[in-house]
Every structure is written in structure tokens, then in C-alpha cells.
Amino acid sequence: MESMLELTGIYKSFGDNQVLRGIDLVVDKGEVVAVLGPSGSGKSTMLRCINHLETIDKGSIHIKGKALVEGGIYVDESQQQQVLSATGMVFQQFNLFPHMTVLENLIEAPIYVKGIAKEEAVNIAENLLNKVGLIEVKDRYPARLSGGQQQRVAIARALAMNPDIMLFDEPTSALDPELTGEVLKTMRELAAEHMTMIVVTHEMSFARDAASRVIFMAGGVIVEENVPEEFFNNPREDRTKAFLMRNN
Amino acid sequence: MDKFFDMTVLIAQGAAVTLEIFVVTLILSLPIGALAALGRLSTFKPLRYIMEFYVWIMRGTPLMLQLLFVYFALPMIGLKLPDIAAALLAFTLNYAAYFAEIFRAGIQAIPRGQFEAARVLGLPHWHTMKRIVFPQVLRIVLPPISNETINLVKDTSLIYILAMNDLLRVARTIVQREFDMTPFVIAGIFYLTMTAVLTWAFKQLEAHYGKYDA
Ligand SMILES: Nc1ncnc2c1ncn2[C@@H]1O[C@H](COP(=O)(O)OP(=O)(O)OP(=O)(O)O)[C@@H](O)[C@H]1O
Ligand SMILES: [Mg+2]
Chain A
1 MESMLELTGI YKSFGDNQVL RGIDLVVDKG EVVAVLGPSG SGKSTMLRCI NHLETIDKGS
61 IHIKGKALVE GGIYVDESQQ QQVLSATGMV FQQFNLFPHM TVLENLIEAP IYVKGIAKEE
121 AVNIAENLLN KVGLIEVKDR YPARLSGGQQ QRVAIARALA MNPDIMLFDE PTSALDPELT
181 GEVLKTMREL AAEHMTMIVV THEMSFARDA ASRVIFMAGG VIVEENVPEE FFNNPREDRT
241 KAFLMRNN
Chain B
1 MDKFFDMTVL IAQGAAVTLE IFVVTLILSL PIGALAALGR LSTFKPLRYI MEFYVWIMRG
61 TPLMLQLLFV YFALPMIGLK LPDIAAALLA FTLNYAAYFA EIFRAGIQAI PRGQFEAARV
121 LGLPHWHTMK RIVFPQVLRI VLPPISNETI NLVKDTSLIY ILAMNDLLRV ARTIVQREFD
181 MTPFVIAGIF YLTMTAVLTW AFKQLEAHYG KYDA
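Those protein sequences? They're chains A and B, same order as listed.
Numbering-wise (our numbering), the first sequence opens with residue 1 and increments by one.
Numbering-wise (our numbering), the second sequence opens with residue 1 and increments by one.
Please note that the accuracy of each hint is not assured.
With a straight-line cut-off of 20 Å between C-alpha atoms, the simulated SDA-like cross-links for lysine to any residue are [stated by the list, open to error]:
no.: 1; chain 1: A; residue 1: Lys-118; chain 2: A; residue 2: Met-161
no.: 2; chain 1: A; residue 1: Lys-131; chain 2: A; residue 2: Ala-192
no.: 3; chain 1: B; residue 1: Lys-211; chain 2: A; residue 2: Val-137
no.: 4; chain 1: B; residue 1: Lys-130; chain 2: A; residue 2: Val-137
no.: 5; chain 1: B; residue 1: Lys-154; chain 2: B; residue 2: Ile-186
no.: 6; chain 1: B; residue 1: Lys-3; chain 2: B; residue 2: Arg-177
no.: 7; chain 1: B; residue 1: Lys-154; chain 2: B; residue 2: Val-23
no.: 8; chain 1: A; residue 1: Lys-114; chain 2: B; residue 2: Phe-115
no.: 9; chain 1: A; residue 1: Lys-118; chain 2: A; residue 2: Met-100
no.: 10; chain 1: A; residue 1: Lys-114; chain 2: B; residue 2: Leu-123
no.: 11; chain 1: B; residue 1: Lys-130; chain 2: A; residue 2: Val-113
no.: 12; chain 1: A; residue 1: Lys-29; chain 2: A; residue 2: Tyr-11
no.: 13; chain 1: A; residue 1: Lys-114; chain 2: B; residue 2: Asp-213
no.: 14; chain 1: A; residue 1: Lys-114; chain 2: B; residue 2: Lys-203
no.: 15; chain 1: A; residue 1: Lys-131; chain 2: A; residue 2: Asp-164
no.: 16; chain 1: A; residue 1: Lys-138; chain 2: B; residue 2: Tyr-212
no.: 17; chain 1: B; residue 1: Lys-211; chain 2: A; residue 2: Ala-143
no.: 18; chain 1: B; residue 1: Lys-130; chain 2: A; residue 2: Ala-192
no.: 19; chain 1: B; residue 1: Lys-203; chain 2: B; residue 2: Asp-213
no.: 20; chain 1: A; residue 1: Lys-138; chain 2: A; residue 2: Ile-111
no.: 21; chain 1: A; residue 1: Lys-66; chain 2: A; residue 2: Val-26
no.: 22; chain 1: A; residue 1: Lys-114; chain 2: B; residue 2: Ile-186
no.: 23; chain 1: A; residue 1: Lys-118; chain 2: B; residue 2: His-127
no.: 24; chain 1: A; residue 1: Lys-114; chain 2: B; residue 2: Trp-126
no.: 25; chain 1: B; residue 1: Lys-211; chain 2: A; residue 2: Pro-98
no.: 26; chain 1: B; residue 1: Lys-130; chain 2: A; residue 2: Lys-131
no.: 27; chain 1: A; residue 1: Lys-118; chain 2: B; residue 2: Asp-213
no.: 28; chain 1: A; residue 1: Lys-118; chain 2: B; residue 2: Thr-128
no.: 29; chain 1: A; residue 1: Lys-29; chain 2: A; residue 2: Lys-241
no.: 30; chain 1: A; residue 1: Lys-118; chain 2: B; residue 2: Arg-131
no.: 31; chain 1: B; residue 1: Lys-130; chain 2: A; residue 2: Thr-101
no.: 32; chain 1: B; residue 1: Lys-211; chain 2: B; residue 2: Glu-101
no.: 33; chain 1: A; residue 1: Lys-58; chain 2: A; residue 2: Gly-22
no.: 34; chain 1: B; residue 1: Lys-130; chain 2: A; residue 2: Glu-104
no.: 35; chain 1: B; residue 1: Lys-154; chain 2: B; residue 2: Phe-202
no.: 36; chain 1: A; residue 1: Lys-118; chain 2: B; residue 2: Lys-130
no.: 37; chain 1: B; residue 1: Lys-211; chain 2: A; residue 2: Arg-140
no.: 38; chain 1: A; residue 1: Lys-114; chain 2: B; residue 2: Arg-131
no.: 39; chain 1: B; residue 1: Lys-130; chain 2: B; residue 2: Ala-105
no.: 40; chain 1: B; residue 1: Lys-211; chain 2: A; residue 2: Arg-144
Hint data in this document are derived by calculation from the structure and do not stem from the laboratory.
Please put together the full structure from these sequences, using the hints given.
What follows is the structure, given as C-alpha cells:
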């Protein structure tokens with residue numbers, strides 16, 4: 001199995017708040033890893049370290065075998081760009097560009113970062129919008145869409161860069177309950193196509209039946225990990241059991 | 001009727017002076033204000049403090065005082081500027097400070113998520129500023145800039161005290177000579193026309209840049 005992502009001994013603090021205290025994680029190609037854990041346990045921080053939205057203090061990160069940071073030392077700027085181009089991210093708050101139409105949101109980076117011709121970028125974008133069922137709103141501005149539609153556009157925007165690994169930080173937490181389904185459906189379809197995904201979520205049902213592995217974080221470390229069935233039916237650690245009791 | 005026509009021509013010449021101050025001040029103070037805003041948001045502390053001090057002085061003292069200072073006090077230390085340059089210097093420094101505050105608030109209103117979204121897509125910093133941040137800032141700052149711009153039209157009348165023949169001064173000179181109030185009415189119409197044109201222009205701009213609102 002080819003490893004897509006390797007985190008080794010990741011430490012990260014904000015001031016004197018030790019948020020990550022030694023994270024080790026290997027994610028293989030095609031895996032869907034659900035990350036669970038109480039608020040403040042460092043789930044978002046871990047995700048944000050992977051694509052260098054946060055800078056780690058100690059440890060190594062390899063993406064597709066190439067170093068982003070090794071022993072706490074980051075590779076140079078252009079190499080980082082190259083390594084990170086394999087990642088895509090979906091945020092809790094969508095973060096679509098409000099002054100651009102749906103289509104413009106999707107083609108901006110492919111054209112300016114990858115240097116793809118506009119026609120081709122539009123083609124790719126339209127295919128992706130078809131896939132997430134939003135081709136009919138391609139000329140609308142984000143403010144005219146529902147939250148669920150906005151998040152599906154955000155997923156399509158990330159996919160337009162053709163990433164090998166997708167990071168999701170609570171993609172349904174900002175949505176009204178009746179809108180989470182359509183976003184989870186899109187994510188399930190992505191998982192079915194063997195996209196490598198790391199999904200921080202509170203959606204137990206998604207972790208249970210769409211993930212290939214579940215990771216439970218608490219206090220800045222990975223407390224327990226397992227295949228979903230084992231994780232939910234036979235949790236080993238007390239903190240995991242307590243968390244599952246509260247969230248089921 | 002002839003007399004009315006003559007008055008209007010004289011006042012129009014004054015209006016040209018007013019317009020010159022207005023246009024030049026606007027063209028200079030907008031970019032200076034934008035740069036000052038970046039200075040105020042800089043992580044380089046000395047620059048930030050200098051910009052804060054500058055904005056504090058300019059917004060905390062009357063424009064009239066600043067005009068008099070540039071006009072009368074600077075020559076005492078050997079810095080004698082031509083009349084129009086002195087007026088432009090005072091107006092530009094003052095308005096740039098107000099614009100700086102507007103731009104600063106506008107940039108700070110852009111959510112961090114916009115920068116992060118651009119970053120994870122691999123967009124370079126300058127591109128993010130130009131294509132993602134600036135258009136959104138523009139949308140936010142247009143209404144307050146519109147306000148300040150209309151204030152500037154009216155504030156130009158302060159150069160009256162510097163004995164420059166602007167719209168207001170020409171009107172008053174004729175009133176004093178002819179004992180006739182008509183020039184004031186004509187001057188008022190000139191000011192109203194300018195502010196009306198500006199109001200209309202800013203409305204168009206706001207509609208253009210606001211088309212993405214819900
Ligand atoms: N930019 C930051 N500056 C300072 N402290 C931060 C920053 N980001 C996160 N933290 C702190 O790090 C800790 C972990 O935060 P993180 O967002 O990773 O938790 P989380 O597991 O994602 O929680 P949640 O479920 O609430 O999203 C918290 O104590 C938080 O206050
Ligand atoms: Mg979080």
C-alpha cells in the first residue's frame with residue numbers, strides 16, 4: 001500500500017498551550033479517516049498543520065513520500081507549494097469567494113496556479129458541478145445559495161485542483177440539520193471513488209459507515225484508532241468510551 | 001440677465017479652482033490613504049506607531065487649523081509653498097488620514113477564512129490581495145468613501161481663508177460689490193451639482209461592486 005500522508009511526532013503549541021503532543025499517523029492511498037474527539041482536543045490544529053495553515057514546532061510531515069517538514073525544518077517555499085498541491089481543504093465556514101460566481105470560484109486557482117487554459121478550466125469545473133448536482137447554479141453568487149449548496153461548491157472548488165488527499169474540518173457543522181445530508185452524500189460519493197480523505201466530524205453515522213478507519217483524539221494525542229466497527233462496538237480506552245456515551 | 005450671466009461666468013472660474021483642489025486631493029489622498037492603512041496593519045511596529053500617530057493628529061485637529069499651519073507656520077521655518085500647493089498639502093494629508101481609517105476597517109472586515117481558502121488553493125499572496133481581498137474591501141469601503149468625498153467638496157470652501165479665488169470666495173466678493181444675494185444662490189447650485197454628480201457616480205459604483213450580495 002502506498003502511503004499518502006505521514007505525520008511523525010508532531011508537536012504544536014500556541015504560546016504555552018500545548019495543543020498537539022506527539023501525533024503519529026500514516027494514511028494510505030484511498031483511506032477515509034474519520035477524526036473524532038472532544039472540543040479543543042486539537043483536531044482542527046492537526047488538520048491545519050498538514051497543509052501548513054499552522055506551523056509545527058517539532059516533527060515531520062510527508063505527503064506522497066515528499067517532505068513538507070522534516071525534523072521541524074520546513075522545505076523551501078517553492079517545494080512546499082509543490083508538496084501541498086496534493087492537498088485540498090474544505091472548511092466548516094465554506095469560505096467561498098463571495099464576489100465571484102460559483103463557476104468563477106472553481107476556475108480561479110486552476111487558471112492562475114496551474115496555468116490551465118480558461119476553456120479547459122471551465123470544462124473541468126462544469127464536470128465537477130455536474131457531479132455535485134449544482135450545474136444549474138453555476139452563474140450564481142454564493143450568497144444566493146443554501147449552506148448545503150455552498151459547501152458542495154466548496155468541495156468542487158477543492159477538487160478542481162485535482163488533489164490526491166482531501167482534508168475536511170467539520171464540513172457539516174455550520175449547516176442546518178436538514179442540509180447536512182446532501183453534503184455527506186457528496187462526501188460518500190467521493191469516498192466511493194477512493195479519494196483519500198481525512199474528515200474531522202461529529203457525524204457518527206458518517207464515521208461509522210463511510211470511514212475506513214476512525215481516530216479518536218483527546219488532549220493533543222491520538223488516544224485510540226480502529227476500523228469503525230471495532231471502534232464503535234469495542235472501544236478500548238476509557239476516554240473513548242466516555243466520549244461515545246456522550247455522543248451516541 | 002447679462003449681469004446674471006457675467007456672475008455665473010466669474011463663479012464658474014471659482015468653481016474651476018474648487019474642482020482642481022477637489023480632484024487633486026482625491027487622486028493623491030486615496031492611494032496615500034491605502035498605503036497608510038497597510039502601514040497601520042503592518043507587523044513592523046515602528047511603522048504602525050508612526051501611522052497611528054499621523055492618523056491621530058489629522059483626525060484630532062480641525063482641518064482649518066491644519067490649513068493655517070501649512071500656510072502660515074511652515075514659512076516661518078523657511079518652507080514657503082505656493083498657495084495652491086500649501087492648500088493641496090493640507091487637504092491631502094488630512095483626507096489621506098480619513099481614508100486610511102476607512103481602508104483599515106475594510107481590510108480588517110475580510111474574514112481570515114478568505115485568506116486561508118486562497119492559501120490552500122495555492123494562490124500566491126499578491127494574487128490573493130488583488131483578486132480576492134481588494135474587490136471585497138472596495139465593496140465595503142465605497143459607502144464611507146462616498147461620504148468623505150462629498151465632505152471634501154464642501155471642505156474645499158475652507159481655502160476661502162487663504163485668499164484663493166475658489167467658488168465661495170468669488171461669490172462673496174461679488175455679493176459685497178453688488179449688494180446682491182444671487183451669487184450665493186448660484187454658488188449653492190454649483191455645490192449641489194457637484195455633490196449630486198458624485199452621489200450618482202458612487203451609486204453606480206456601489207451597484208456594480210455590490211451585485212454579489214444576497
Ligand atoms: N490560532 C490559535 N491561537 C491560539 N490558540 C489556538 C489557535 N487555534 C487553536 N487554538 C487552541 O488550541 C486548542 C485546540 O484547538 P482546535 O481548534 O485544534 O480543537 P478542535 O479539536 O478542533 O476543537 P473543536 O471540536 O471545538 O473544533 C484549543 O485550546 C484552542 O483554543
Ligand atoms: Mg475544530
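The hints, checked one at a time:
Between A/Lys-118 and A/Met-161 the CA atoms are separated by roughly 14 Å; this keeps the pair inside 20 Å, and the hint holds. Proximity of A/Lys-131 to A/Ala-192 is assessed by CA-CA distance (about 13 Å); at most 20 Å being required, the pair is judged to hold. Proximity of B/Lys-211 to A/Val-137 is assessed by CA-CA distance (about 16 Å); at most 20 Å being required, the pair is judged to hold. Using a Cα cut-off of 20 Å, the hinted pair B/Lys-130 and A/Val-137 is violated, with the two alpha carbons roughly 26 Å apart.
A hinted pair counts as satisfied when its Cα atoms are at most 20 Å apart, and B/Lys-154 with B/Ile-186 qualifies at roughly 15 Å. This hinted pair checks out: B/Lys-3 and B/Arg-177 have alpha carbons roughly 13 Å apart, not beyond 20 Å. Annotation: proposed proximity of B/Lys-154 to B/Val-23 holds, straight-line Cα distance about 13 Å (limit 20 Å). Between A/Lys-114 and B/Phe-115, the direct Cα distance comes to roughly 19 Å. Compliance with the 20 Å bound is thereby established for this hinted pair.
At roughly 15 Å between alpha-carbon atoms, A/Lys-118 and A/Met-100 fall within 20 Å of each other, so this suggested pair holds. Distance check on the hinted pair: A/Lys-114 and B/Leu-123 sit about 10 Å apart at the alpha-carbon level, within 20 Å; holds. Pair hint B/Lys-130 plus A/Val-113 holds up; C-alpha atoms about 14 Å apart against a cutoff of 20 Å. Of the supplied pair hints, the one linking A/Lys-29 and A/Tyr-11 is violated, its CA atoms being roughly 24 Å apart against a limit of 20 Å.
Between A/Lys-114 and B/Asp-213 the alpha-carbon distance is near 29 Å, which puts this suggested pair outside the 20 Å criterion. Between A/Lys-114 and B/Lys-203, the direct Cα distance comes to roughly 37 Å. Violation of the 20 Å bound is thereby established for this hinted pair. Taking the CA atoms of A/Lys-131 and A/Asp-164, the gap is near 18 Å; set against the 20 Å cutoff, the hint holds. As the CA atoms of A/Lys-138 and B/Tyr-212 are separated by approximately 13 Å, the hinted pair is consistent with the 20 Å bound.
Using a Cα cut-off of 20 Å, the hinted pair B/Lys-211 and A/Ala-143 holds, with the two alpha carbons roughly 10 Å apart. Of the pairs offered as hints, the one joining B/Lys-130 and A/Ala-192 is violated, with about 38 Å between alpha carbons and a cut-off of 20 Å exceeded. Distance check on the hinted pair: B/Lys-203 and B/Asp-213 sit about 15 Å apart at the alpha-carbon level, within 20 Å; holds. Between A/Lys-138 and A/Ile-111 the CA atoms are separated by roughly 17 Å; this keeps the pair inside 20 Å, and the hint holds.
For the given pair, A/Lys-66 sits about 13 Å from A/Val-26 by alpha-carbon distance, which is consistent with the 20 Å threshold. Of the pairs offered as hints, the one joining A/Lys-114 and B/Ile-186 is violated, with about 60 Å between alpha carbons and a cut-off of 20 Å exceeded. For the given pair, A/Lys-118 sits about 17 Å from B/His-127 by alpha-carbon distance, which is consistent with the 20 Å threshold. With a CA separation close to 16 Å, the supplied pair A/Lys-114 and B/Trp-126 stays within the 20 Å bound.
Between B/Lys-211 and A/Pro-98 the CA atoms are separated by roughly 10 Å; this keeps the pair inside 20 Å, and the hint holds. Between B/Lys-130 and A/Lys-131 the alpha-carbon distance is near 31 Å, which puts this suggested pair outside the 20 Å criterion. Note on A/Lys-118 and B/Asp-213: the hinted pairing is violated, with a Cα-Cα distance of about 26 Å set against a maximum of 20 Å. Under the criterion of a C-alpha separation no larger than 20 Å, the hint pairing A/Lys-118 with B/Thr-128 is consistent with the structure, at around 18 Å.
Only pairs whose Cα atoms come within 20 Å are accepted, and A/Lys-29 paired with A/Lys-241 is rejected, the gap being roughly 29 Å. For a cut-off of 20 Å, the pair hint linking A/Lys-118 to B/Arg-131 stands: about 16 Å separates their Cα positions. Taken as a hint, the B/Lys-130 and A/Thr-101 pair is honoured in the structure, with Cα atoms around 17 Å apart against an allowance of 20 Å. For the given pair, B/Lys-211 sits about 25 Å from B/Glu-101 by alpha-carbon distance, which is inconsistent with the 20 Å threshold.
Taken as a hint, the A/Lys-58 and A/Gly-22 pair is honoured in the structure, with Cα atoms around 9 Å apart against an allowance of 20 Å. Restraint check for B/Lys-130 and A/Glu-104: satisfied, since their Cα atoms lie roughly 15 Å apart, inside the 20 Å limit. Note on B/Lys-154 and B/Phe-202: the hinted pairing holds, with a Cα-Cα distance of about 17 Å set against a maximum of 20 Å. Only pairs whose Cα atoms come within 20 Å are accepted, and A/Lys-118 paired with B/Lys-130 is accepted, the gap being roughly 19 Å.
A threshold of 20 Å between alpha carbons decides the hint, and for B/Lys-211 with A/Arg-140 the separation of about 11 Å falls inside it, so the pair holds. For a cut-off of 20 Å, the pair hint linking A/Lys-114 to B/Arg-131 stands: about 16 Å separates their Cα positions. Only pairs whose Cα atoms come within 20 Å are accepted, and B/Lys-130 paired with B/Ala-105 is accepted, the gap being roughly 17 Å. The straight-line distance between the Cα atoms of B/Lys-211 and A/Arg-144 is roughly 11 Å, inside the 20 Å bound, and the hint therefore holds.
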